[in-house]
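*Asks:* Residue-level listing of the chains:
2 protein chains.
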Amino acid sequence: MKNPIADLNKIFDSRIRLGVMSVLVVNNEIGFNDLKQMLELTDGNLASHLNTLEQAEFIKVHKGFIGRKTSTTYSITDLGKQAFKAHLDALEKMIKKL
Amino acid sequence: MKNPIADLNKIFDSRIRLGVMSVLVVNNEIGFNDLKQMLELTDGNLASHLNTLEQAEFIKVHKGFIGRKTSTTYSITDLGKQAFKAHLDALEKMIKKL
DNA sequence: TATTTAACTTTGAAAAACAAAGCACTTTTA
DNA sequence: TAAAAGTGCTTTGTTTTTCAAAGTTAAATA
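Quick note, the sequences are listed as chains A and B, same order.
Letter 48 of the first sequence, counting from 1, is numbered 47 in numbering that gives the first Met the number 0, and no numbers are missing.
Letter 14 of the second sequence, counting from 1, is numbered 13 in numbering that gives the first Met the number 0, and no numbers are missing.
Honestly, the hints are just simulated from the structure, not real lab data.
Keep in mind that a hint or two might mislead.
Since the list gives no way to pick out one identical chain from another, each pair is judged satisfied if it fits inside one copy or across any two copies.
In silico BS3-like links for lysine-lysine, alpha-carbon gap of 25 Å or less [as the list claims (entries may be wrong)]:
no.	residue 1	residue 2
1	K80	K68
2	K35	K84
3	K35	K1
4	K68	K9
5	K35	K68
6	K95	K9
7	K92	K1
Please build the complete structure, drawing on both the sequences and the hints.
*Replies:* If you want it as structure tokens, here you go:
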């Protein structure tokens, strides 16, 4: 039998990063605070996970304004979509023996 | 929108423990060394993850013999089946928006 | 002007993961 | 029969990851 966990992406071992990605798959853009509230995280914790995802180029940041107020939003990249899908496929293959 | 990660089980954040469970779901009994080779782990690493799963009562240990050679095998408990299923359901709900 | 909000960064502590070595026991091999 | 090897751990210590809390900068509001 083949190693069932070899194809899982290390970046998605984290429930938080998994959550961010799952939100971004269905929302093409979401704000920092919305994410923070949705996932019930502290600023620093969310920011650092977002940073990890950005480093991997799985998400993109958009800094802009709502009126004259700054607003930061995040969206998934094509690479991110690919990697997330690959991870989910690996997960599914792993448990599809059910 | 509700927190999508709240229902994930912390114990299954680990790819290794996830792998162990996925193997145990389809094999009603598996040996230490088989798991070790399948998941490509060192003894200590596997043993400690197995210990975590045992503490949670998600798996059971069986110490016996194959011929005259000692053999330790592991199997999933009912609680383990339940918890694993619940985790997979939570995962699925999280991503079923796809 | 003082306070609040947004979106961080920095700091430091706690937890988790992990490899390597040691160990007790048995079995196989030379 | 002595040495080597395998099983299934435990112990030790390092590295990595996670996280909260506090600090920060700039703009907005009271």
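*Asks:* With identical chains treated as interchangeable, where does the CA-CA distance between K35 and K68 reach 25 Å or less: within a copy, between copies, both, or neither?
*Replies:* For K35 and K68, only the intra-copy Cα distance (18 Å) is at most 25 Å; the inter-copy one is 55 Å.
*Asks:* With identical chains, the pair K35 and K1 could be close in the same copy or across copies; at 25 Å between alpha carbons, which is it: within, between, both, or neither?
*Replies:* between (38 Å within a copy, 12 Å between copies)
*Asks:* Please work out whether the CA atoms of K80 and K68 approach to 25 Å or closer within one copy, between two copies, in both situations, or in neither?
*Replies:* neither (30 Å within a copy, 49 Å between copies)
*Asks:* Have a look at K68 and K9 and pick one of within, between, both or neither, based on CA distance no larger than 25 Å.
*Replies:* neither (36 Å within a copy, 37 Å between copies)
*Asks:* Go through the copies and call it for K92 and K1: within, between, both or neither, with a Cα cutoff of 25 Å.
*Replies:* within (11 Å within a copy, 27 Å between copies)
*Asks:* With identical chains, the pair K35 and K84 could be close in the same copy or across copies; at 25 Å between alpha carbons, which is it: within, between, both, or neither?
*Replies:* within (24 Å within a copy, 28 Å between copies)
*Asks:* With 25 Å as the alpha-carbon cut-off, assign the pair K95 and K9 to within, between, both or neither.
*Replies:* The answer is both: 20 Å in one copy and 21 Å across copies each meet 25 Å.
Of the numbered hints stated above, those contradicted by the structure are hints 1, 4, listed in ascending order.
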